[in-house]
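Novice: Got chain A; can you put chain B on it based on the hints?
For the protein sequence lines, the chains are A and B, in the order given. Straight run, no breaks: the first sequence in our numbering ends on number 300. Straight run, no breaks: the second sequence in our numbering ends on number 310.
Since the hints were made in silico from the structure, they are not lab data.
With a cut-off of at most 30 Å between alpha-carbon atoms, the simulated DSS-like pairs for lysine-lysine come out as follows: (1) A:Lys68 <-> A:Lys56; (2) A:Lys107 <-> A:Lys208; (3) A:Lys68 <-> B:Lys153; (4) A:Lys206 <-> A:Lys107; (5) B:Lys153 <-> A:Lys56.
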Amino acid sequence: MALQNSTSRPVKTVRFHQNWSAYAFLAPALVILFLSLLLPAVATLLMSFTDVSFLKPTSFIGFDNYIKLFNDTRFQQAVGNTIHYTIGVTFPTMLLGLLAAVALNQKVPGRMAFRTIFYLPVLTSLIAAAVVWAYVYEPYAGPLNGVLTRVGLPPQPWLQNPSLAMNALIIMAIWRDFGTAMIIYLAGLQDIPNDLYEAARLDGAKGKDIFLRITVPMLSSVTFYLLIILIVQTFQVFGAIYVMTQGGPLGSTETVVYQMYQTAFGYTEFGYGAAMSTILFLTILVFSIIGTRIMRRKDA
Amino acid sequence: MTDLAQPAAMERQITAHRRGREFPRFDVMNVIGYLLLLFAALATVMPFLWMVSTSFKGDQEIFRFPPSFVPDGLRWQNYLDAMASPDAGRQLVNSLIYALGSTVSNLVFCSLAGYALARMQFSGRNLIFALVVGLLMVPAQSQIVPVFLIVQKIPFAGGNDWLGNGGTGLLNTYWGMILPTAATPFGIFMMRQFFTRIPMEYEESAKLDGASPFTIFRRILLPLARPSLAVLGVLSFQSAWNDFVWPLILNSHREMATLQIGLQLLQSGPDARWNVVMAMATLITLPVIIVYLLAQRHVIDGAVTSGVKG
Numbered sequence: 001m002a003l004q005n006s007t008s009r010p011v012k013t014v015r016f017h018q019n020w021s022a023y024a025f026l027a028p029a030l031v032i033l034f035l036s037l038l039l040p041a042v043a044t045l046l047m048s049f050t051d052v053s054f055l056k057p058t059s060f061i062g063f064d065n066y067i068k069l070f071n072d073t074r075f076q077q078a079v080g081n082t083i084h085y086t087i088g089v090t091f092p093t094m095l096l097g098l099l100a101a102v103a104l105n106q107k108v109p110g111r112m113a114f115r116t117i118f119y120l121p122v123l124t125s126l127i128a129a130a131v132v133w134a135y136v137y138e139p140y141a142g143p144l145n146g147v148l149t150r151v152g153l154p155p156q157p158w159l160q161n162p163s164l165a166m167n168a169l170i171i172m173a174i175w176r177d178f179g180t181a182m183i184i185y186l187a188g189l190q191d192i193p194n195d196l197y198e199a200a201r202l203d204g205a206k207g208k209d210i211f212l213r214i215t216v217p218m219l220s221s222v223t224f225y226l227l228i229i230l231i232v233q234t235f236q237v238f239g240a241i242y243v244m245t246q247g248g249p250l251g252s253t254e255t256v257v258y259q260m261y262q263t264a265f266g267y268t269e270f271g272y273g274a275a276m277s278t279i280l281f282l283t284i285l286v287f288s289i290i291g292t293r294i295m296r297r298k299d300a
Numbered sequence: 001m002t003d004l005a006q007p008a009a010m011e012r013q014i015t016a017h018r019r020g021r022e023f024p025r026f027d028v029m030n031v032i033g034y035l036l037l038l039f040a041a042l043a044t045v046m047p048f049l050w051m052v053s054t055s056f057k058g059d060q061e062i063f064r065f066p067p068s069f070v071p072d073g074l075r076w077q078n079y080l081d082a083m084a085s086p087d088a089g090r091q092l093v094n095s096l097i098y099a100l101g102s103t104v105s106n107l108v109f110c111s112l113a114g115y116a117l118a119r120m121q122f123s124g125r126n127l128i129f130a131l132v133v134g135l136l137m138v139p140a141q142s143q144i145v146p147v148f149l150i151v152q153k154i155p156f157a158g159g160n161d162w163l164g165n166g167g168t169g170l171l172n173t174y175w176g177m178i179l180p181t182a183a184t185p186f187g188i189f190m191m192r193q194f195f196t197r198i199p200m201e202y203e204e205s206a207k208l209d210g211a212s213p214f215t216i217f218r219r220i221l222l223p224l225a226r227p228s229l230a231v232l233g234v235l236s237f238q239s240a241w242n243d244f245v246w247p248l249i250l251n252s253h254r255e256m257a258t259l260q261i262g263l264q265l266l267q268s269g270p271d272a273r274w275n276v277v278m279a280m281a282t283l284i285t286l287p288v289i290i291v292y293l294l295a296q297r298h299v300i301d302g303a304v305t306s307g308v309k310g
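Chain A on its own, in the form it takes in the complex:
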C-alpha cells in the first residue's frame, strides 16, 4: 500500500497540472456551447412537457402538448408545407449543382467567371435575397410579370396565390443554394482519378456513358452528403418566409419553424412551441446522424 501511494502521488500532481491548463483552455468555449446548444436542447425537451407561458404559472402537463400537436390540423399543414419545400428545393438544387460542376470541371472558356457567378447568390444575405425576390415577384411593378407581359403571357400574383406562393419560394431557394452544391460537387470531381476516364475513352465509351457509368457513381457519397445537409437546412426554413409571405396566403407557406416562431413569440405558448421544436429536432437529428455516418465512411 505504502509503495503504491509513493508512486502514484507525483504522477497525480503532473496530471493535475496538465488537466488544469487544458480545462482552462477549454472552459470559455465549453461554457458557450453549454449555454447556446446543450442547455437549450435539454430545456426544449423539458418545456415540451409543460404549459410554460408568460401569461400563467407553469405546470407539468405530460404528453398533452404532443397529443394536441398530432391532432392540430394547422401543424399538419405546416409539416406538409415543409416537406413540399424540402423536396422542391433539394433535388433541383443537387441536379443543377451537379450539371454546373461537371460543365465547369472542364476547360471551358470563362469557367472561373461562371463559377463566381453561380456562387454569388450564396454570398448574398438571406434578407437581401428575399427583398430582391419580393421585388422580382411583385405583381404590379415587378420584373417577372413585366417579362411575361412583354412576351404575351398573363401576369401572375406569385406570392399572393396559395397554389403559386410555395413554388415561388422554392425557386428562390434553388437560386440561392445550387452554388453550394456546385462547389461541393467540384471538390468531389477532383477526387475522381483521371485514369478512369482515360481507360473508358480508350475502350471507346461515349460522353453520356462516361457521365452515367463513372462520374455519377463515383460521386455517390458526395451526393448523399449533400442530400442530408440540404434536407437539414431546408427543414429549418424561416427567414425567407418571414420576409416574403409571413406564412400566407391562407397558410400555404407556413412551415414548421415559422409556426414554432409564431406559437412561441406571437402567442407566447412556449411549451407548445417547444413540443414542435422537439419533433423538428428529432427529425433533423436522424438525418444528421445518417450524414455523419456517411462522412466518416468517406474519410476512412
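Specialist: Relative to the frame of chain A, chain B by itself:
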C-alpha cells in the same frame, strides 16, 4: 488494338483525348451545352442586375409597367436616402459590433479549445471531443426559443437577481447577440483538426525550456494556424453579418437593429420605395461580394476542405 500495343501510339491517343478535353471540339452538343451555361449564368445574375437597375430609378419610374431594365438615369439620391434613413448609421455600427465581436471570440475560443483537444493530455478528453462532435448535429434554428429564454435569465444581467429573475437579462444588448455565437462546434472541430496535423516536435523543445502551455500555444502553434484562422474568421464574420433570425428575436428595441433587420424594416415599412430598398440591398450585398472576390480562392477551398473532407 495493335496500334495501342505500341507505347508511342498509345501516348498519341491519350494526348489526343486530353487535348479533346481541353479544347472541346466544335460540335452541336458542345454549343448547346455552352449556350445552356450562358443562359444559367444570365438567370443567376438577373436578380442582381434588377436590384442595381431599380436602385437607380426615380420615384415615378418604379411604378411603370412593364418595368424597363435600363433606368432612365443614374439617380444616386436613392443611395443617399437609404443611408440617411434615420437608423442606418446606428445599424451599421450594430452590425459591425456583432460581426466583429462574434469573429474575434470565435478565433480566440475555438483555437484555444481546438488546441487543448488536439495536443494536451487530460482526463475526459475523448468525452469532451465526442460532445463537440455531437453538438455539431444540433440544429440551431430549432433552439431559438430556449436560447432566448436563457439569455433573458442570465443572473445579474439587465436587472436580474442571482436566480435570473426580475430583469431583462441580456435582451437588447450586444453581449446577448454575441454570446450564443461566440464559439461554435464547427469552429472547435475545424481548429482541432488543424492542430492535430502539426508534428509534436514543434513544442517539445519549448516544453524542455519550461515554457507555459499558454506561451507554447501563443508563440509556436498560433502563428502556424494563420490560414485556418483566416478561413474561420471569414466564415464567422459572414455568418454574423448575414444573420437575421437571432437579432430579430433577441432585440425588440429599434436602436439595436442590425443592417439586415434594417433592410427588412425598410422594405416592410409604410413608406417603402422599391428604389431606396434596392439601394440599401445593394449597399449591404456589395461588401460581402468584394471581400469574396479578393479572398476567393482561400475561402472556398478552405470552406470545402474543412467542411467536407474534415
